[in-house]
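Protein chains: 4
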Amino acid sequence: MIDLFATTKVQELIPKYVTFIEEEVIPIELQLLDVSDINAHEQQLMKLREKAKIAGLWAPHLSQSHGGLGLNLVEFAQVSEVMGMTPFGHYAFNCQAPDIGNMELLEGYASNDIKSAFLAPLQEGKIRSCFSMTEPEHAGSNPKYLSTTAVKHGDYYVINGHKWFTSSADGAAFAIVMAVTNPEAESPYQRASMIVVPTTTDGFELVRNIPIMGEAGARYVSHAEVRYNNCKVPASHLIHEEGQGFMLAQQRLGPGRIHHCMRWIGICERALDLMCKRATKRKISSKEVLGDKQTIQNWIAESRTEIDAARLLVLHAAHKIEIHGSKAAKQEISSIKYYVAHVLQQVLDRAIQVHGAMGITDDLILSWWYRHERGARIYDGPDEVHKSVIARSVLKDYQTKEQ
Amino acid sequence: MIDLFATTKVQELIPKYVTFIEEEVIPIELQLLDVSDINAHEQQLMKLREKAKIAGLWAPHLSQSHGGLGLNLVEFAQVSEVMGMTPFGHYAFNCQAPDIGNMELLEGYASNDIKSAFLAPLQEGKIRSCFSMTEPEHAGSNPKYLSTTAVKHGDYYVINGHKWFTSSADGAAFAIVMAVTNPEAESPYQRASMIVVPTTTDGFELVRNIPIMGEAGARYVSHAEVRYNNCKVPASHLIHEEGQGFMLAQQRLGPGRIHHCMRWIGICERALDLMCKRATKRKISSKEVLGDKQTIQNWIAESRTEIDAARLLVLHAAHKIEIHGSKAAKQEISSIKYYVAHVLQQVLDRAIQVHGAMGITDDLILSWWYRHERGARIYDGPDEVHKSVIARSVLKDYQTKEQ
Amino acid sequence: MIDLFATTKVQELIPKYVTFIEEEVIPIELQLLDVSDINAHEQQLMKLREKAKIAGLWAPHLSQSHGGLGLNLVEFAQVSEVMGMTPFGHYAFNCQAPDIGNMELLEGYASNDIKSAFLAPLQEGKIRSCFSMTEPEHAGSNPKYLSTTAVKHGDYYVINGHKWFTSSADGAAFAIVMAVTNPEAESPYQRASMIVVPTTTDGFELVRNIPIMGEAGARYVSHAEVRYNNCKVPASHLIHEEGQGFMLAQQRLGPGRIHHCMRWIGICERALDLMCKRATKRKISSKEVLGDKQTIQNWIAESRTEIDAARLLVLHAAHKIEIHGSKAAKQEISSIKYYVAHVLQQVLDRAIQVHGAMGITDDLILSWWYRHERGARIYDGPDEVHKSVIARSVLKDYQTKEQ
Amino acid sequence: MIDLFATTKVQELIPKYVTFIEEEVIPIELQLLDVSDINAHEQQLMKLREKAKIAGLWAPHLSQSHGGLGLNLVEFAQVSEVMGMTPFGHYAFNCQAPDIGNMELLEGYASNDIKSAFLAPLQEGKIRSCFSMTEPEHAGSNPKYLSTTAVKHGDYYVINGHKWFTSSADGAAFAIVMAVTNPEAESPYQRASMIVVPTTTDGFELVRNIPIMGEAGARYVSHAEVRYNNCKVPASHLIHEEGQGFMLAQQRLGPGRIHHCMRWIGICERALDLMCKRATKRKISSKEVLGDKQTIQNWIAESRTEIDAARLLVLHAAHKIEIHGSKAAKQEISSIKYYVAHVLQQVLDRAIQVHGAMGITDDLILSWWYRHERGARIYDGPDEVHKSVIARSVLKDYQTKEQ
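Chains as they are written, first to last, in full-length UniProt numbering: chain A, 1 to 403; chain B, 1 to 403; chain C, 1 to 403; chain D, 1 to 403.
One should not assume that every hint holds.
Stated by the list, open to error - The calculated label-pair distances, taken between Cβ atoms and stated as ranges, are:
no., chain 1, residue 1, chain 2, residue 2, range
1, C, A55, A, K396, 30 to 38 Å
2, D, P121, A, K396, 36 to 44 Å
3, A, K283, B, I127, 36 to 44 Å
Quick caveat, the hints were computed from the structure, so don't treat them as lab data.
For glycine and all other residues, C-beta sits at the position ideal for the given N, C-alpha and C.
This is chain A alone, in the form it adopts within the complex (with noise of 0.2 Å):
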């Protein structure tokens, strides 16, 4: 803990959630990810939740009439790395992309029919639900570049896109889907809409859970490739306005990359200290150890160093969109979003190689997200974007002086 960011909230809790972390999840992470009985791996989850609710940790993110423990963005960071020690150390407690940012986002923007039917009871951890945005045939990264629409008809949306990366959509029950209701615009920026599909719609096709670095997963753990054929939902589905989904995406993206960086975090310190649990323990000689060796050494500092960075400019970013908004700290976002990724690949490829063959293998967690992390400096925006974005917003001072 920090203690610049250290509120009574989270040093009560953060020791909580370390002991939940590491008694209740830790222990049976290598088992919560096996899909192969989908049954006995949604059981073993629900207990989970149980147990989470018990030890009253859940949903940390929502208010208290919610349910939640109303923590602030700044202090939720902080729980969120403690999380992201294990993989479903946030679906736990129910905070868990990409429920949590739903969560948000109909409880700022929707209407109280919708927050009835479908928030509620994704607060309450009784569904699940997914976000539809990415196509396959357009970088992500361009606005203009969408070909999913929403035509209204009378009181009806009819929806017709072909979407990927819908992450969990397997068994969730509705999804948040981006598409084109006013191509007319002038703003590309203003063509989109978000809309809330229920799965049960006639047309919405899971066509496959896209195999993945080797896994196809199951339900939450997947990542679906889906098809809306003529699906048709009430014109009360729609999220606030038309021509608001980009709004609406960036309200979403910037406490949503507080989320991933500070749980890469956690999955940094989960690296470091399996690494320097193998360099304590393993010989290579009679009398020397791994960590013994200066090249160990430098990884575990490096290693340290740079964790110690990102955490910091992490929470700096929270506190700053907590104060200013998400607007204001644009340029801290991109900052974090490329810069914690690749501490994140760095540190999981050092921990790995410190455990040499043993690395690779799937006895160990690091190997899970060494593939599910890669992802990492793409999802959400690639690097290169990012740091466009970053450039232009520092040269855009020294324009302006020009003139």
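Using the hints provided, position chains B, C and D relative to the given structure of chain A.
Then chains B, C and D, alone, in the frame of chain A:
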């Protein structure tokens, strides 16, 4: 092809291998990797090998008297690059690891009985084999650390031990096992021997195919954990002499590293090819494709240069081995082992990043290599060990000068 | 300014320092570095200091009773960044190394006589001083390796030894010398002491100002090789107690590293500023400026992010020193020492590259830093040593757990 | 020596050059760089050249009819590496830039009159020359950006313009100047010409030797800013034809980059040699020398490998130029230009770090190269431009395939 190394044979053969790989192997590479139906998998492989024989490309590394094409190391290296462009490239021509290394070993050091019983069917592609050296309890880099024992009782060795990363043991006809026969030998390098153990021997226990980066695999595409429980084999199964295990391992590893490195270069070329295809096709706006972005250009340029450097280093090392032997080329072999593995990881990482979300799916071959070649920096000696070998070799001259 | 650290004092002072640095120092920075006419050089410096006093910005690190502004470490760190933007920034306000470190040392540990004889005029900016520790014959990182001796004869110490990198000895009034007084002490860390040696002492021989990266420099801008030939000083010149040299060095280094790191961050900000100016002004075609190129954008983005990370790390370390002391912050101090030096080198390198041929000329300040801050990864402990310190500190917890 | 490239001539000559460099040049290299007494400096150089002639090693790049040794490009490249080990290596044998490039240019394209007036004394080492192309106002990478003009008036050209980085202009007998003669030419690549301008011409103004990285230097060791103020030269001073300036520049640059790259490799070998000497001699405790530390070993191993890769790349490119010409080897030339410059910077940086404080002093040659070869990533085209050249060359095949 680099004219400095392109003998007539190479100039004639390379285009044929390119055609075969492009027309017969790459189009079905993702299917070949699918082991969900073992029979279908093996039949497909058998067909592929038949085509290879018909095409006159079978076993380029074997002498013509053994049914091969009689290429020397430098020639084979260049063919190996072409085969490396797809995972089953080497398999198609019966020059895949670990079998190729075992063939070289038996050819050079086994008794005639062993040759006719095990080597002949291996060369004909009728059986497969495996190599059992690494132990989970010990750092592979330290020769003093080997617990498997082979105790002589009359005309037999009784072998006990625990190995892992015995690649392709599943379905193999025999293993070459590294075991301590002479625990009292003064030099720790003269305590172990290599012994042929048929997998049908009582006490040969294939504990599991180790799940690696998301897949346990099967048959050829697997890495087994094996226990030797009082495995009794005739004393004539000893390869060469007692206490010569490490000498043999060194012999085996020199050319073996050339094979791996050239295979990795093949992977790099394939990855660069996919990168360039994507860069010229993927639109990011109505006017621009990915390849117009300078960052993508940097990656292509760096990949092109690094691959060229890698190839020259490897072929030069192969050339040196051929002229002066593996021992004289020890430093060069360590250089290419770590350097090419590094280039491989860099190029694969860039290729994935250029493909965005698609890059992490299993719809492309890239993710398979990303996962299964993370081990390239570990197997056959981790980077760290090779760097020490190089440094000590370089510094030796200076220490001598001192005296 | 980062609100987390911006006290009222800082908020009030920073803009004043920025104005002074931008208006009074930067415009003449290249002239200030010119020591070809020593008198002119020194007069210019004197004038600058007078302006600093008039502006009410003199000696921010000193208590108000000593004529300063009474800033604590975290506050001073932030001011130090501003001063760091130009080579004579700290000098203008009398808080330049090595004098600031010597002031802290004498303030904390010298006798009252020493204070009035040496500290008072130093604080007033009437004299300069130097610090004489490193020896050419020995690795600075190893405390057992120190040949300079101070032998007590009655009321005097007689000092003999050979030092280099005694920065700013040329023109200094006194040196603080690290010398072995207790060669028999059990711990090698308790053999040396610090002693004040006026440069007018017989036997004090300034051998040369060492040419460094193309310049020997002179006066404040120089790094001397010094011989102590039977230098006789009163025993009362001992600082603190005999055998406490290393303890004092550690005391001196904690805050000293904060000072250096924040100065480097100031250099980074200046370099990034020059980079951005060049990027927006330099045309590379009729339509494009350098800043339109993605590679340049990447460098700007990476520099911005790394500098932000560095600043947070340093201020957090300063905050920890202030609350818990240098010893408790040992790991953090080693982290910033190597990390910020690395960022510094990266950012300077990029800034030079952005300027093309101009970047390597002395028409800009960049080349001066490029040369004179290559030492940043060496002085006050090379990267390698700091990484070992961090690793050992991290691993200590694991070793303890073991038992 | 690499046997693939070691012709009989090379095998015979290399040891002689090594001996000369080690015995005659390296021992006085720091003195040779000292230009504080110009006369002494030049006399020392003259003596060195006399020795080179006596040793039968003069002008290896020139044909025997011109007093040289008649080496081809690949042979000369290997000699160039040896000479590169010390700053005045090439100078000793009259094959230093920019004179060697000018010799090649005049040999290939100048009229016989120009040859006898300017080339002959240059080949004999009686005069020096310079090459005047880069302009401070324009990015060197863009051929449209050239302001210097040569306007024809009868039998004369009148040249006006502002150049910098006209290396070694101080003391040179003539400059080859790049100037726009055909501003109306359709292609921007056909507007400029190269013209010989004696430095005694009225209006030739050597504004200054530009201070670079701390030194303005003098004579051969300098980089001038030059103004051409109505410089009138006979029309016969035109080299080749009007509008052929860029073609000539390209011709000049191909082999020129081989020369630079091999010289850099010589620097790298020297730096690695110093690194190894230090590593084996510098004690860090009673039992350990620097070279026992794994970090130092890593640097040595990486340097060894990278230098080997660099050498193979360069010699292979030289080989390609010789067989297929500079144009066919364009991609390879760009690869080596950026790659070897990068290796150079890495190796020098490591060598300095291994030497600690001594590494940044001018007591060793390392700091001179560290400063004066920072330009290697800029002159003759910055890294960024070369990477674009490579990428466009690679991608061209894919774009063609498309159609």
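Tested hints:
{"no.": "1", "hint": "C:A55 <-> A:K396: 30 to 38 Å", "result": "32 Å, holds"}
{"no.": "2", "hint": "D:P121 <-> A:K396: 36 to 44 Å", "result": "57 Å, violated"}
{"no.": "3", "hint": "A:K283 <-> B:I127: 36 to 44 Å", "result": "37 Å, holds"}
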